[in-house]
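Trainee: Line order of the protein sequences matches chains A and B. Going by this note's numbering, the first residue of the first sequence is number 969, and it counts up by one from there. Going by this note's numbering, the first residue of the second sequence is number 2, and it counts up by one from there.
The hints are simulated quantities; they were obtained by calculation from the structure and are not laboratory data. No experiment lies behind these values; they were computed from the predicted model shown. The C-beta atom is built at its ideal place from N, Cα and C for all residues, glycine as well. Keep in mind that a hint or two might mislead.
[Unchecked claim] Covered, in the sense of this in silico footprint (three residues per stretch, anywhere, with C-beta under 8 Å from a C-beta of chain A), are these stretches of chain B: (1) 124-135; (2) 144-157; (3) 175-184; (4) 203-215.
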Amino acid sequence: MNALKILKVRSQQSCNGCELCVFEAQRQLQKVGLEGSLVRIFKNKSEENKRLEFYVELDPHIHSLDVEKICNICPKQVFEISEEEADGFTI
Amino acid sequence: MDLLSKKVLTINLNKKSYEVANFNDLHKYVGGVGLGLKLLHVHEEKDPLILSIGPLNGFFPFASKTSIVLNDEGVVEDLYMGGSLSTRMTFTGLDAIVFLGGLETPTVVSITNSSVEFNLELEQIHSLGLPGKRSTIEAAGEKVMLDKEFTSEGYILENKMKNKNMAGLVITGTEAYTPAHFSKYQEAYKTVLARSNDLTLGASNKPSCSGCPLGCEKSRYGEIGGNVLVHSLVACQFAEKVYADINTTFSCLNTLGYNYTHEDLENLPKLIEETLKAIG
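Here chain A stands alone, though its shape is the one from the complex (with noise of 0.2 Å):
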């Protein structure tokens, strides 16, 4: 069995909201655009936080890409990829 890499949110407070992760997942797609993403963004700032905060939101289907480059082009360090063992019916 082959190891499938999975890309998980280690550091969601980390995130600066630049939406790198989020266009680089779409040209992946071959699209410039946020239309039908595997990777989005939500930001809140409710009135008891004084920062804005981003929310990272992954689709299932995110492991049919190249996860290490969206890992690898944020800034921040908010994604990290560990390896399992592919069971074969795995997205």
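Put chain B on the given structure of chain A with help from the hints.
Mentor: Below, chain B alone, put in the same frame as chain A:
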């Protein structure tokens, strides 16, 4: 994405009506402040507020600002806001949005691609548009705030939006593009991104503008004035060393399929100067 014309959304706030049109004759103004000043000239009798982006916004790193051009009591001003606004505008498919006249009562204007809605329920501003694909500007407080974080220099935009009864603006972009020369585009993107060290500011722990990895100390406050070529593209002034280089800029535009020549870019400052002189 039309590479030979500029797509402009013109909103008549008095009538709550709008129209979208492509203009071939605006192509030579490239975008940003150049395009904004020309549109200010065209509509100068109707107190226009113009938001415009350049051809590199959304496509290349550090091209992260939106140009805002207006007449502030007889003085033509060009402001630049960061955050996510320029990428959202790019993905609406519009090059510029022109607001003419004013609204009767405080209203939130919500733009999704080329359609416009006028919303009187000001407290609903954060439910308008699509999460992750929108930029939200609130103008009800002392300072105009983009996504509750980014703002603009001084009180110029604040005064203009208040005079127009624009309590807020939500812009959502859902379009996606495939650059004309995709593999060359990828290479050009990597080359530009690798030039982070050429920026005149370093990284910090502040929120970033979309498309810029730095999250610099100045991102929150926007800019006023500066290099007209850089601000026609519309890149951040701290990336002037990258985008004031005509060869880099020409190469980036070429990968997207634009037919601008070196002469077009070299002549742009003069064209902008002439446009500025023509404004009464």
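Trainee: Each of the hints needs a verdict: does it hold here or not?
Mentor: Hint-by-hint comparison with the structure:
{"no.": "1", "hint": "124-135", "result": "holds (count 3)"}
{"no.": "2", "hint": "144-157", "result": "holds (count 3)"}
{"no.": "3", "hint": "175-184", "result": "holds (count 7)"}
{"no.": "4", "hint": "203-215", "result": "holds (count 11)"}
Every hint from the earlier list agrees with this structure, and none is contradicted.
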